[in-house]
Amino acid sequence: MTAERTATDRIAGPLPGLWQGFSATLSRDCRLRFRRRSELANPLIFFALIVTLFPLGLAPDSTLLSSIAPGLLWVAALLSVLLSLDGLFRDDFDDGTLEQLLLAPQPTGILVLARIVAHWLTTGLPLALISPLLAVMLSLPGHSMDVLMLTLLLGSATLSLIGAIGAALTVGLRRGGVLLSLLILPLYTPVLIFGAGTVRLAIEGAPVAPWLALMGAMLALSLLAAPWAAAAALKLSLDG
Amino acid sequence: MQLETRKLGCERDERWLFSDLDWQIGAGELWRIEGPNGSGKTTLLRILSGQMADYTGTLLWQGEPLSRCRETFMASMLYIGHRPGIKRALTALENLDWYQAMSAVKEGGARARRDACFQALEAVGLAGFEETPVESLSAGQQRRVALARLALGHQWLWILDEPFTAIDHDGVRQLEAWMTAHCRAGGSVVVTSHHDSGELSPASGVLRNLRFDGLGGVHVDR
Amino acid sequence: MWPIIHKLGSPKWFYTMSGRWLPFLWGSGTILVVLGSLWGLAFAPPDYQQGDSFRILYVHVPAAILAQSCFALMAMCSLIFLVWRIKLADMVAGAAAPFGAAMTFGALFSGAVWGVPTWGTWWVWDARLTSMLLMLFLYLGIMALRGAFASRDGGARAAAILTLVGVINLPIIKYSVVWWNTLHQGATFSLTEKPAMPASMWLPLLLMVIGFYLLFAAVTVARTRNEIIRRQPTARWVRALVQGGRHGL
Amino acid sequence: MAFESLADFWAMNGYAVYVWPAFGVVLGSLVAFALYSVLEQRRLLRHVAALERRERQRPTARPATDDGETT
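Each protein sequence line maps, in turn, to chains H, V, G and F. In terms of the numbering used here, the first sequence has 25 at position 11, counting the first letter as 1, and numbering is strictly consecutive. In terms of the numbering used here, the second sequence has 512 at position 84, counting the first letter as 1, and numbering is strictly consecutive. In terms of the numbering used here, the third sequence has 1461 at position 31, counting the first letter as 1, and numbering is strictly consecutive. In terms of the numbering used here, the fourth sequence has 151 at position 65, counting the first letter as 1, and numbering is strictly consecutive.
Rather than coming from a laboratory, the hints here were simulated on the basis of the structure. For glycine and all other residues, C-beta sits at the position ideal for the given N, C-alpha and C. Any given hint could be a false lead.
Said to hold, decoys possible - Label-pair distances were calculated between CB atoms; the ranges are:
hint : chain 1 : residue 1 : chain 2 : residue 2 : range
1    : G       : Trp-1632  : H       : Thr-66    : 32 to 42 Å
2    : H       : Leu-238   : F       : Met-87    : 17 to 27 Å
3    : V       : Gly-568   : G       : Ala-1502  : 37 to 47 Å
4    : V       : Ser-447   : G       : Ala-1670  : 22 to 32 Å
5    : G       : Trp-1667  : V       : Gly-642   : 22 to 32 Å
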């Protein structure tokens, strides 16, 4: 262990790569999530539960159900994502890996983005993939299934990104759960409105491309801004 | 190669923990930070390691403000805090491999990275436990996983907050030996410790002290 | 640039300067609001469609305007606080938040009450009211987040970040709510969008709006001054203030 | 004046139940904020004065801090 040599190398030589840091963090996170398989299924179970409860609370009337299906599926997906947010940084905060993440030489925003991508891959993506199954149960017209999946894919990524800001702001607080929902829900409303609205338009047979593009724009905006805001929030959460 | 503070001060909620601290950490120096609880030891370490931007004065890394050379500084600094920074659900090897990926330049790809991790784990006496999930290791062993990062040996400056907690006698001896060797080889160490003496002998010739008096004053060995 | 900011950011300087302005702000604000209320309630002609219920406009509109202006002020202060670390900016943002929340609630309440004679129901998912409701949640979130932190500095920075995220989101929320409203063919009759109000109707409204702004300034300045004292009760100049008895108002 | 009599004014032509509560809540919150901030200032200044008295009575008093100019 010749510190002198390595030290000089570190200063003059190339720095660890951005992509190397991103992919290492992403693969570590996915591995962690798959190691806790029961937690992995939680958002999906919650999603299915809400969708099952609504017909029971209303009526088994397929015209009624199909008219509320877009909104219902979207609200259920949104709540499932919200439920999973609290754990996004909490464990890392407790065991100190969050501290080390912020100390890595790579820009913090990029590493936070890797965590968010891992979160989306294990919550938003599976939600979008199983949504047609539940949509069938709510008699959503078949021709709008692809639009439903597409809006959920785009929208849930936006939800993960915005939610990361809230999770980062509340990670240092002992009881941050309810507060997290209060902070995040107003910010989620545009995604919900455009997501569910686009599916409704698809049912009516109206053109949906502009609204899908708009959802893509929201995703792009949050992709640019949210990781950095979350990184700043994480820094202050560790300070406080 | 040094880290320097000029008129460094830190105020939390209208209370000054310390102020006007002029201090230089040069090559081959081992600094021990002493002081009563709540006097600002950990805060100082967190500022030095670039985690807290909430201070007055300037922090220079090789004569350059820290904010301007964050990347090179973070690549040459290793910080271990109260929390070990180890994922309990992952194995010791997986934990170390992540750190290696974050800090090391790609040299020979994933294979070389794993080899380095194996060697480091062996150096802290965890040979044979590489593939065990950390949560099934003992508290002392878990701490050793974190300390194995020192053996990966990339960083010039080590900042260690209470590294001796939960380690047995032999482990303490070994850690001391590493710290001294690191300094002899031109590295630097900043360490806080509740232990009075014994583990870090002044006879090594590298030890210096920085002492908080708990009333906002700081005394630096010259 | 820096010396000016430093001076503006000095709590002592702010306290002395604002002490001179505060009585004027209180006085003129109160006079304008009282005049505007009397004029609007008693002298403005009734609306040809809504009759005398339209007089709610004289509190609904100023409250709604103030709710938004207050958010804008908080966003500006948050930016200044995060970039230059001027604590005074944070104190202003913290002092303004409850007032903004109260104005948002006031606008919602008066809007709901106004809805009964106009739409025949307490609540309509009208675009304006809905985005107001979401803004109220944002206000509550910012205030709750600030209070949830053990360290004041931590809470201050968290609230600042959330305020900035919120201010980026507000136009998006507003746009989405308007789109949603037209999509669902909701109420087409809006409360306040009226063609060509006569001067006898909009002049009192103007008085009210200016008066609300002045009172908003007064309340924010007064609450900021209180916050300064609360944070530095041991500062020498605060002591001198108490001994000299120059409390100001 | 837009009303015939004072009674008419109070009745607001039947809209009294809507107009007065709306004015009451909004203007009332303005008054509440004004009162509260003034009362709070009194309380704080009394608190500072009490703090100072207590410290003067203690021989080992900590002196007042500097101007506390923290921007």
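Comparing the hints with the structure gives:
Remark: the range hint 32 to 42 Å for G/Trp-1632 to H/Thr-66 is contradicted by a beta-carbon distance near 55 Å. The hint said 17 to 27 Å for the Cβ distance between H/Leu-238 and F/Met-87, and at roughly 58 Å that hint is violated. Range check, V/Gly-568 to G/Ala-1502: Cβ separation about 56 Å, and the 37 to 47 Å hint is violated. At about 24 Å, the beta-carbon gap between V/Ser-447 and G/Ala-1670 stays in the expected band of 22 to 32 Å.
The given range of 22 to 32 Å is respected by G/Trp-1667 and V/Gly-642, whose C-beta atoms sit roughly 28 Å from each other.
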